[in-house]
Amino acid sequence: MFSEVSKRVKKVGHPPGTAIYTGDKTGTPEITFTVYNAEGAVEKTGNKLETCMLQRKEGDITWINIEGLHDVSLIEKIAKEFKIHPLTVEDILNVDQRPKVEEFETYLFITLKVLSWQSKKSLLCVNQLSLVIGKEFVLSFEEMDTTRFDNIRKHLQNSMHQRLREQGSDYLAYRLIDTIIDEYFIVLEALGDQIEQVESIIINAPNRRNARAIYRLKQQILLLRKAIWPMREALGHLLYMDETLISKSTRLYLRDVYDHTMQAMDTLETFRDMSASLLDMYLSGLSIRMNEIMKTLTIITTIFIPITALSSIYGMNIPDVPLMQSHWAFIIIFSAMVMIVILMMLYFRKKKWI
Amino acid sequence: MFSEVSKRVKKVGHPPGTAIYTGDKTGTPEITFTVYNAEGAVEKTGNKLETCMLQRKEGDITWINIEGLHDVSLIEKIAKEFKIHPLTVEDILNVDQRPKVEEFETYLFITLKVLSWQSKKSLLCVNQLSLVIGKEFVLSFEEMDTTRFDNIRKHLQNSMHQRLREQGSDYLAYRLIDTIIDEYFIVLEALGDQIEQVESIIINAPNRRNARAIYRLKQQILLLRKAIWPMREALGHLLYMDETLISKSTRLYLRDVYDHTMQAMDTLETFRDMSASLLDMYLSGLSIRMNEIMKTLTIITTIFIPITALSSIYGMNIPDVPLMQSHWAFIIIFSAMVMIVILMMLYFRKKKWI
Amino acid sequence: MFSEVSKRVKKVGHPPGTAIYTGDKTGTPEITFTVYNAEGAVEKTGNKLETCMLQRKEGDITWINIEGLHDVSLIEKIAKEFKIHPLTVEDILNVDQRPKVEEFETYLFITLKVLSWQSKKSLLCVNQLSLVIGKEFVLSFEEMDTTRFDNIRKHLQNSMHQRLREQGSDYLAYRLIDTIIDEYFIVLEALGDQIEQVESIIINAPNRRNARAIYRLKQQILLLRKAIWPMREALGHLLYMDETLISKSTRLYLRDVYDHTMQAMDTLETFRDMSASLLDMYLSGLSIRMNEIMKTLTIITTIFIPITALSSIYGMNIPDVPLMQSHWAFIIIFSAMVMIVILMMLYFRKKKWI
Amino acid sequence: MFSEVSKRVKKVGHPPGTAIYTGDKTGTPEITFTVYNAEGAVEKTGNKLETCMLQRKEGDITWINIEGLHDVSLIEKIAKEFKIHPLTVEDILNVDQRPKVEEFETYLFITLKVLSWQSKKSLLCVNQLSLVIGKEFVLSFEEMDTTRFDNIRKHLQNSMHQRLREQGSDYLAYRLIDTIIDEYFIVLEALGDQIEQVESIIINAPNRRNARAIYRLKQQILLLRKAIWPMREALGHLLYMDETLISKSTRLYLRDVYDHTMQAMDTLETFRDMSASLLDMYLSGLSIRMNEIMKTLTIITTIFIPITALSSIYGMNIPDVPLMQSHWAFIIIFSAMVMIVILMMLYFRKKKWI
Amino acid sequence: MFSEVSKRVKKVGHPPGTAIYTGDKTGTPEITFTVYNAEGAVEKTGNKLETCMLQRKEGDITWINIEGLHDVSLIEKIAKEFKIHPLTVEDILNVDQRPKVEEFETYLFITLKVLSWQSKKSLLCVNQLSLVIGKEFVLSFEEMDTTRFDNIRKHLQNSMHQRLREQGSDYLAYRLIDTIIDEYFIVLEALGDQIEQVESIIINAPNRRNARAIYRLKQQILLLRKAIWPMREALGHLLYMDETLISKSTRLYLRDVYDHTMQAMDTLETFRDMSASLLDMYLSGLSIRMNEIMKTLTIITTIFIPITALSSIYGMNIPDVPLMQSHWAFIIIFSAMVMIVILMMLYFRKKKWI
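For the protein sequence lines, the chains are G, A, F, C and U, in the order given. Numbering-wise (the working numbering), the first sequence opens with residue 58 and increments by one. Numbering-wise (the working numbering), the second sequence opens with residue 58 and increments by one. Numbering-wise (the working numbering), the third sequence opens with residue 58 and increments by one. Numbering-wise (the working numbering), the fourth sequence opens with residue 58 and increments by one. Numbering-wise (the working numbering), the fifth sequence opens with residue 58 and increments by one.
The shape of chain G in the complex, shown without the other chains:
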């Protein structure tokens, strides 16, 4: 939860535009280089930028996907090649950005949160994806190695998906964003399953671990909100930009992505309200349980304490206690005891405790 803040602290004292990677270092970053036009696409994987760069031709669209951001010099090289502002480089490397869209003169910079669900640890994982969209290029910077965009690469090669190749860099960018937003629903589904699970436990067999489970649910919802809320804003901003970089037809598609984000938001807000309701039900469950415990105690106590008192009286070693010598003593006293029990029982029944 707090990793984000602590990472940013690394940067304090450095002048703005300084390229410092704020994430955790991994091995060699993987570069996937794709050049395509309406006719076809050429793809190269590796980590040598220079050889790839040579293959660009006028009119082609170049898509460079970098997985792993720790090689700062590599990213600065790419930035120089595509004339990217130092602030953008700083934002790409700073993996704790708030999702946003920024317009620069020759390109559009988009930072998004990528959500993934680690079902083994039932843990939510938040990474960052940065997109730089120019007229003839798309740069995508991922924090981790993923297979997320493999499908899109296949479609670029595939003759069936000509539409994808025919449209501009903005359409490709839309497809990348769409892939990210679609994954949100997987995370939301996992979260929904968790809520249902906790709910069924609380209804059937509440226990003291529930409080912690609800607390963890709430934390994850908070984390998700922090990732999705600004996304809505950023995408909304994208819709109302002027048409230099985003074409009118792509805008139609982006509106669709925007709607999906809105739906994710709605679902999340519903989850939030539900987790609050769950806590209410859990707490009222504790109160009910308490009432029951106290009822049991009260019933047992109010039945046996008078009996004990009565027999204690006849256990006193003093003379002339009434009935003490009588042969009817036990029967009378015992009847009195039975009477007490019956009266108490009737009283409790009237109160609807038993």
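Careful: at least some of the hints might be erroneous.
Note that the list lumps identical chains together, so a pair holds whenever it fits in one copy or between two copies.
As the list claims (entries may be wrong) - Computed list of lysine-lysine pairs in DSBU-like fashion (alpha-carbon distance at most 35 Å, straight line):
1) K137 - K101
2) K408 - K352
3) K178 - K407
4) K137 - K305
5) K177 - K407
6) K409 - K178
7) K101 - K192
8) K177 - K408
9) K134 - K305
10) K114 - K134
11) K409 - K352
12) K192 - K114
13) K177 - K409
14) K305 - K140
15) K211 - K178
Quick caveat, the hints were computed from the structure, so don't treat them as lab data. Computed from a prediction, not measured in an experiment: that's the story for all the values here.
Fit chains A, F, C and U to the known structure of chain G by using the hints.
Just chains A, F, C and U now, kept in the frame of chain G:
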């Protein structure tokens, strides 16, 4: 609650504009085909699209109502006929859309949530209705077979309701939307009845099942909010569109529908606040009950424990306990016991416990 | 609370613009017909519309006040006379409208909620008032017979109040609205009195009926909010309309009414927060009471249980219990008991329980 | 709290623009009459309007301050002199106005709430100040006699404060408003002190009166919010008016006052959140206390009840109870008792109760 | 918390624009005087303003940094030199300003809150920084002596950071603001650590000090909110100003700072929600603990009370109690007791209490 999210997951990985039905499959979809102009209306039911299409004439308005969305190829055929954008087809088939209004060049696309109340299971049912409104046609796509629009069909045939036939496709669309919104009030009434029922139980005979009942109420209110909130937005959007597809006179009617949606929202917000109040009252009821249980326990205990203690003292097998040999012993001890009881009673009365 | 929704259900299935009265039927509606100009006013009471209509003259302002809406044909007759849109007629008859202002070509339609306080049952009563304001006429439709507007009628007759007669129909409408809003403060005062009453009970002698009283307060506040909130919106809308029907000088007065509505809203929001505070205080009162009950139980128990235990030990029928034969036995044991009581008392005093 | 509403009720039934004083009557209203220009200022105190009026000269600025509003005829006379709209007179006399700014053709009307803190009764006092600002006059209407504006009067006389005399009536008005807003911070400081006091009591020695103290705090915060919130709105409105009455340089100063109001609002919202936190801490304190009481009870009971039970068994008058005749009886039984106590103690220590 | 309000009170009664320092006095204020242009920078430290002033040249940018605001006459001298409005001087000296941005004719005035974390006392410290940005000068007023801007001074001297020297005064101002906002994340990290600490205590070993810890957390979050919220507004205002003082390229950088503030806000809101969740978990923890205490009490009581009652019956000194003479008495009675214990145990196991 979560079905919605899980359905969307089916679509992850597919390129946008891919027609995939995300609902549950049923039998053969039923097509109702109606062509009308000011003079009269012709209606055809069946599932052969081609024969129906032939009957369209210049100047007539065509209304095609499809019940059941699983026959993807059928819907694609219709889409092709009326030149509908692939994204619209995708949205029609994806039955988990957020209610929205989208303007395309030749038509208006509206997605609404249809609410119905299954009184037997006291369950809320949310389906989707998609409308495509062109200059001379209205396409309505329903998820389930319903008799919802039968009245409108009758009115189209009926000579008394000439106004309906005289006005354009936008007026028909308004009538369809109006029918949907009117049904919201049936659901709200059912929900209101449920709230009143839970309320009267909590006031008269609260029990441990109340917490769950309130929880379920809250869930249903959340579900409804999620359906109605974006509706308001969508309809509001419709009111401020330019006048190519929605005529000025129809706009007057749509304003009316918008007001109804606002009223439904207001009622829902009131329900929401009431269910929160219900929970408060229920929880305070539990506290009051607890207080009463504890009072009973305390009264019984504080009366009999001193008596038991006193008689235990006289039950000790030790010599020279004061009064032990006295003939007055019992009377004195017994008086002391009665005194204790009376003093305790007075104390409790002073405290207003009894 | 829910009557509103249930009434609307009556209308489901009917085409829009159908005149159906959704309220409860009463006797004959009473029509008050007033025609006035700067010189004077003529008033007619009765239920024959036709005779009244004849008395209208060019340049005069006609005010028709109808009390009771169940005579649908009468209202349709009036509507026809003044060329009122079927949707307006529908809205007049549907007494569950959300307060709103609607502009039509020749008139302005305003729907307001009339609040009245039935002090006997301490019940809040919500009715509807519809106003149709044309250039030379004002139609007011009330649900019930009231004496609400008698003062205005008197002022119309009275030579002292010439200003009222000199200004247009919009000023009369303003006066009618002003009368309605003024009555809101009577209701708010009654509600404020109730809150103060509950408050003083909770502070002085809390009891289990308080929870229900607070719950009822909250419900009434919710009901009021639902009536007043949209009013603010509607009146705000009225202020920013173009000047065809509402003159600039009347607008000044309407701004005043708007301010009053805002003040009513503020007061209501304060009431809402106060009722929440009341519940908090009530619940904390229950907790405090519980603590006190438990303290009493604990003090009594912890004092007498050790005494009982000690005497039980000396009550055992076994040989060689220390002190058992001693003549000092009782004094020693009794001293021990007194010691226990004193120690316990000191402990409780240290804990500030007694 | 509710006085405001009840006062307004006095006015129900009267036509708008009727001058009715809604406050509580006091003695003779005091009029302070000041005429000034860049050279100097002349001040007259008394209650004869006419003699004062004669001293006005072309180009001078006249400031009339009226303390006490019950002399309705006096205020009507002034209103006539300065051509003030009847609605403004009504608003001046109605001391329960919502703070607002209203533009009229020849003057600006401002209504503010004056807050003062009666430290003796630790009570918040809300009065009203109405300002009428014309090109060459400022009228200020106060509900009570105060010395609030004495400083400003001195500055007007004083040659050191020439700036005040040199600028227009709008600057004087600003100075009056500034004085009022400055007093808000005195009230906020008093409230802050109260919060700190309650806070330190709750932390150190919570008692049952705390709930009421928090409740009263909340009420006062509500009252303040109701006074300050609309003020912000009104002053914001003042900033964006056209420049006929408020000069550009005065606007700079008003922006400062606006900032102060915003700061007062921020502080108040913080107080609101803090009082909510206080209640939470108080309630959790009650729960903790309860837990401790119950622990004490449980420890005492679970230690002595088994001892009592064991000795009761050996107190039975039946033959052949094991050990009963043995000389080791007491030692064995007593050891068993000690064992029970030790075991219980260990159990409680493990549970961290002792 | 309240110091802010109390400081402001000092100023009540003084005319606006009066220079009064509202902070706590310290020693001699330190002035750092820096003059730079694209070629290089000259820096002077000391407290003699006049000698420094002489070194300014046409085209150079002058940055004066004052640490300590208590020397009012010094600040007035500077103000006179740079033609600063009296209201600005008042705002600089009044260290309780709400963060804001104000445009004056020749300069821009910015007031910010400087947050620092005193890790020893784990206390949040809020100071004020005022910036006056002219075309050729930047004045920064700090409340305390800090080393905050030492890095920027080094960069100004350093030939590597030529960019900083080449750009205008607005860029320097941006760098100062950026330094301040970066420090926010250090405070947020410290707060995040505190939340995690409290969280781990509540999960592992909750105790009665937790309530106070959560309360203190909440207070600090409130304090931070009050500092950061208006900052966002002020910076947002800065972004949409016209381009006289803030150049287009600097605006790009300010947008970055704005994004950081938004992120700080998001994090703070998340902290706020988390502290609310912590309290919920703590309170539910108390309830669970209570349930456990009561279970223990109930189990012990319900097991031993029937045993005590049974043996008391056989302890009565009355004749003819059944079994009393029988040799099987003890075995039968003892078996009954064991039976009671077993039955109770089974009952508790069924209820899942043990």
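Results for each hint:
1. K137 - K101: So K137 and K101 pass the 35 Å test inside one copy only (21 Å; across, 38 Å).
2. K408 - K352: Answer is both: 11 Å inside a copy and 13 Å across each meet the 35 Å cutoff.
3. K178 - K407: between (51 Å within a copy, 32 Å between copies)
4. K137 - K305: both (30 Å within a copy, 22 Å between copies)
5. K177 - K407: For K177 and K407, the Cα distance is within 35 Å only across copies (34 Å; inside one copy 53 Å).
6. K409 - K178: between (46 Å within a copy, 29 Å between copies)
7. K101 - K192: Answer is within: at 21 Å inside a copy they meet the 35 Å cutoff, but 50 Å across does not.
8. K177 - K408: between (50 Å within a copy, 33 Å between copies)
9. K134 - K305: So K134 and K305 pass the 35 Å test inside a copy (32 Å) and across (26 Å) alike.
10. K114 - K134: Close inside one copy (19 Å), not across copies (40 Å); limit 35 Å.
11. K409 - K352: Both ways: K409 and K352 sit 11 Å apart in one copy and 16 Å across, limit 35 Å.
12. K192 - K114: For K192 and K114, only the intra-copy Cα distance (13 Å) is at most 35 Å; the inter-copy one is 45 Å.
13. K177 - K409: Only across copies: K177 and K409 sit 30 Å apart there, 47 Å inside one copy, limit 35 Å.
14. K305 - K140: Cα proximity of K305 and K140: in one copy and across copies (26 Å, 18 Å).
15. K211 - K178: Close inside one copy (31 Å), not across copies (48 Å); limit 35 Å.
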